[in-house]
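Asker: This is what each chain is made of:
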Amino acid sequence: MWRKRFLSTAAVAMVAAGSAQATDFNVEIVNLTSGIYYTPFLVAAHTEGSRLFSVGQPASAGLQEMAEGGGLDGLVATLTGIGATIETNPAGGVMAPGGRTDVDLNTDGTANVRLSVVAMLLPTNDAFMGLNAITIPTEPGVYTYNVNAYDAGTEANDEVLNGGGAPGVPGMPADPGGLAGTGGTGVQTGAESPTVHIHRNALGDTDPTGGASDLDSTVHRWLNPVARVIVTVR
Amino acid sequence: MKSMTKVSRLFAITSLGAALVACGDGSDDFVSSVNTVPPGPEMATFAVGVTNLTNAQPLSPIAVIAHDDQYRVFAVGTTATVGLESLAEGGDNAELLADACASVRASASVGGPFGPGANEVISVSVEVTQLPGLRLSAVTMLVNTNDAFAALNGMDVSGFAERDRVTRRVIAYDAGTELTDELATNIPGPAGGGEGFNAARNDRQDFVTMHQGVVSADDGFATSNLNESHRFDNPVAQIIITRTD
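As given, the protein sequences belong to chains P and W, one line each in that order. Quick note on our numbering: the first sequence kicks off at 1 and runs consecutively. Quick note on our numbering: the second sequence kicks off at 1 and runs consecutively.
A hint or two may mislead.
Where chain W lies over chain P, by a calculated footprint (3+ residues, C-beta under 8 Å) [said to hold, decoys possible]:
(1) 27-33
(2) 54-64
(3) 97-107
For the record, the hints were derived by calculation from the structure and aren't laboratory data. Ideal Cβ positions, reconstructed from N, Cα and C, are used throughout, including at glycine.
Taking the hints into account, I'd like the entire structure generated from these sequences.
Answerer: So, in C-alpha cells, the structure goes:
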C-alpha cells in the first residue's frame, strides 16, 4: 500500500516537473559516530513527491531490508522504477567511525530535485541514518546537513548479535568493529513501535559475556547527529 | 597587524588552569585585564555569546579564534592536535591558541570555567580589511568527562554586516585522545578532581568523532565516577555571534 502511493505520487511529479533545473553536484558523507559502522550507502536523487520513508508511517519492505540487514536491492528497484539518479556503495563496503566518502551525481535531463541518503547502523537491529528527500540546492555552494538515526520500527531492539540480517529475522547481523560481546539475553522482547521514528539509542551493558545486551554501553551508544552530508553544487 | 583582545581571570578550578598565549608577542602575557585595540584602522568586532545548555557539565575557559580559511581546529576522522588534546582533556586552551597563531587574525579567551545555565560573552576584533575569508571558531571542554569538547568549527563570518546576528547550537565531540573510562582520576572537573592533560593517547581510535554521551554508574557502568546528572544530549551549548561594530 505504501509503495503504491510512492509510485503514483512520483509519477505525477515527473510529469509536472519537465522544466526542472539540471544540477551537477557532489555528495560527501561523514560518519560522525565513535563506535558505529555504516552499511553501503544509497545515494539517490529522485522526484519531488517521492520519499524513501516518512516518520510516523510504517517502513516499506525495501526500507526494512536496508535497516535490518543493509540490503539495498528493494529500494534500488523502487527508485529505478521512478527514474531516480542512483549511486550505491561509494565507500566500497562498510564505513568505519570517523570515515568519509563522496560521490558525484548529475541530474541533467531528469526531474530528480530531491536527495535522499540512507544506510544501516552496525551493530544494531534496525537503526538507519536517513537524509530524507531534501530539496537539492541549485545555487552553487556548499550545503551541510546533520543527519539523525532512525528506528525502522520493524524489529525489536534485542541487541543480540546472532547474524540475523534478513527482514523479519531477530538479532543484529554483524559487528564490523569486533567490540560487541556475547551471551546477551535480549534487551527488548516486546513489540516495537511499528512506525519509523527517531531511534532511542542503543542501551548496551558492560558485561562482555552476559547481561541483556551484546552491545557495549561505552562503545556502541551515540548521540544525534550520527552523520553529516555535505552537498557541493557546482 | 594582528589585534588581540584578552581577558583573563583567576581560575575557579585550579586543575583547569589555562594561560593565555600571545602570538609572537609575549610582553602582555598573564596580565589580569588587558584590552589592546590599535588606534586608526576601521575594525569589525564580533561578540560571541555562549550559553552552557548542559545539566552538570561546567565548560572550560572558551577559546574564540577568528582565523583565515586555511586553518581548522579539527575535523571528524582526523587526529587531534596536541593543542586540542590539551584543551579536551584538561580544559587548557593555551596550546591550541598558540598552535593557531599562523592563521589567527584575533583570539580571546575567558579565564574561568562557566557552569550549567551560565552565559559568557567574548569579543574579538579584526581590521575590516581582514574580513575576506574570515572564519570563527570557539572551543571548550565539558570538564566532567575524559576528553569531550564542544566547538563551533570555522564558521564563515566574512559576509557579516554590522548588527548581523546568527545563533548556532553546537554539539559534543570526543577528541579521541583519552579512553572514555569515566574514572575520577582522569576527569579534571569537580566530579572527578583528577588529571587533565596527559600526552599518552589510549582511546580506541586516535581521531575526533562525535561523543557518544556519558554512560555513568547509574546506568550500569560500575567503575564510572560519574552519575546520571552528568549525562548530556546535543546540543550542549548555544552560541550567538553578533557583529557589533
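Asker: If a hint holds in the structure, say so; if it does not, say that too.
Answerer: Going down the list of hints, with the structure as the test:
no. : hint   : result
1   : 27-33  : holds (count 4)
2   : 54-64  : violated (count 0)
3   : 97-107 : holds (count 4)
When each numbered hint is compared with the structure, a violation occurs for hint 2 only.
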